[in-house]
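Fit chain B to the supplied structure of chain A, relying on the hints for placement.
Sequence lines, in order, name chains A and B. Each residue of the first sequence is one higher than the one before, counting from 1 in my numbering. Each residue of the second sequence is one higher than the one before, counting from 1 in my numbering.
Think of the hints as simulated: they come from the structure by calculation, not from any bench. Treat each hint with caution, since some may be false.
In silico EDC-like links for lysine to aspartate or glutamate, alpha-carbon gap of 16 Å or less [claimed, not checked]: (1) B:K11 - B:D56; (2) A:K100 - B:D63; (3) B:K11 - B:D86; (4) B:K14 - B:E68; (5) A:K95 - B:E44; (6) A:K95 - B:D56; (7) A:K53 - A:E67; (8) A:K103 - A:E5.
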Amino acid sequence: KNEVEQSPQNLTAQEGEFITINCSYSVGISALHWLQQHPGGGIVSLFMLSSGKKKHGRLIATINIQEKHSSLHITASHPRDSAVYICGIQGGSEKLVFGKGTKLTVNP
Amino acid sequence: GAGVSQSPRYKVAKRGQDVALRCDPISGHVSLFWYQQALGQGPEFLTYFQNEAQLDKSGLPSDRFFAERPEGSVSTLKIQRTQQEDSAVYLCASSSPLTQGAHNSPLHFGNGTRLTVT
Chain A
1 KNEVEQSPQN
11 LTAQEGEFIT
21 INCSYSVGIS
31 ALHWLQQHPG
41 GGIVSLFMLS
51 SGKKKHGRLI
61 ATINIQEKHS
71 SLHITASHPR
81 DSAVYICGIQ
91 GGSEKLVFGK
101 GTKLTVNP
Chain B
1 GAGVSQSPRY
11 KVAKRGQDVA
21 LRCDPISGHV
31 SLFWYQQALG
41 QGPEFLTYFQ
51 NEAQLDKSGL
61 PSDRFFAERP
71 EGSVSTLKIQ
81 RTQQEDSAVY
91 LCASSSPLTQ
101 GAHNSPLHFG
111 NGTRLTVT
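Bound conformation, chain B alone:
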């Protein structure tokens, strides 16, 4: 497909369960971002990869959150021991620098994974 693909689209987890959310970025896109969006709020930054390197994980809310992108393409966001406050939409976005060295380029978002923790 041409766009950013996220799976699953919806996930219901019991409190305490571990979950794994997947993001397939646009082929060739160097940068990949994870955002968390609570109801009625804007997306909040979680973490950012450039290829396989995790350059910024300052937005991860706790050590229960872990993200990886081992081969520089697909990324997985893992949440351990889920809590009710983790319920949100998790958005993945990718981008590719327009020119070498440029670090501003349009973002392409996936449709998100809606996580509900019961």
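Chain A on its own, in the form it takes in the complex:
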């Protein structure tokens, strides 16, 4: 069993829709990261969080440590949000273990 499970694997939405991507993990962590990877391959770090909720523009990330679960929300989605979103966890060291990613396609 992978330490990090993401759902859904693929997600198609219409422009303007509210998007939720989920991440569940099975071990104790010190931090959880959300990354965005565009088709060209470049990866951007969106959030690093260890508790509660963070917001940046239309993106919101939440984490529930007790339930070992995090969600990434996108409000008012736009075609430029189309990308792969990857969840990663850190335990006692800086090493990050990643999920397989969720491919999001937002259609105009």
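For chain B alone, coordinates are given in the frame of chain A:
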């Protein structure tokens, strides 16, 4: 430059060739990571340096893979006798602890080196 720089961007190697992939982290970043990403998969951890010390190499798939960071800045990932299953994107990332003793800080990724072994 301000970001993590990787070279070459693309590499095609014949099976059996040796390759060397370079990573220039953000200046001053203490931690450096190498990840391997197969098509349609998330990045898989290979190895991790703190300054010049290789603290974890548990993800290196075989003894054909070797990484070094001799002066605590630039790192090289070397793959000897490449095989077709080595074809992947190799990602480098760096980070710097926000405060002394902290070991969680945002990662900055390079654009990766796409290796194709024919």
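Given hint E44 of chain B paired with K95 of chain A - CA-CA distance at most 16 Å: Holds, because 11 Å separates the two Cα atoms, which is no more than 16 Å.
Need the status of pair K14 of chain B, E68 of chain B: alpha-carbon distance at most 16 Å? Distance of about 23 Å is beyond 16 Å: violated.
Verify the proposed pairing of K103 of chain A with E5 of chain A, using a straight-line Cα cut of 16 Å. At roughly 14 Å apart (the allowed maximum being 16 Å), E5 of chain A and K103 of chain A satisfy the hint.
Between the alpha carbons of K11 of chain B and D86 of chain B, is the straight-line distance 16 Å or under? holds, 12 Å
Measure nothing beyond the straight line between the CA atoms of K100 of chain A and D63 of chain B; if it is 16 Å or shorter, mark the hint as holding. violated, 25 Å
Please work out if K11 of chain B and D56 of chain B have their alpha carbons no farther apart than 16 Å. Roughly 26 Å separates the two Cα atoms, so the pair is violated.
Please verify whether K95 of chain A and D56 of chain B have alpha carbons no more than 16 Å apart. Cα-Cα ~8 Å, so holds.
Holds or violated: K53 of chain A and E67 of chain A, Cα atoms, limit 16 Å. holds, 15 Å
The structure fails to meet hints 1, 2 and 4 from the earlier list, while all remaining hints are met.
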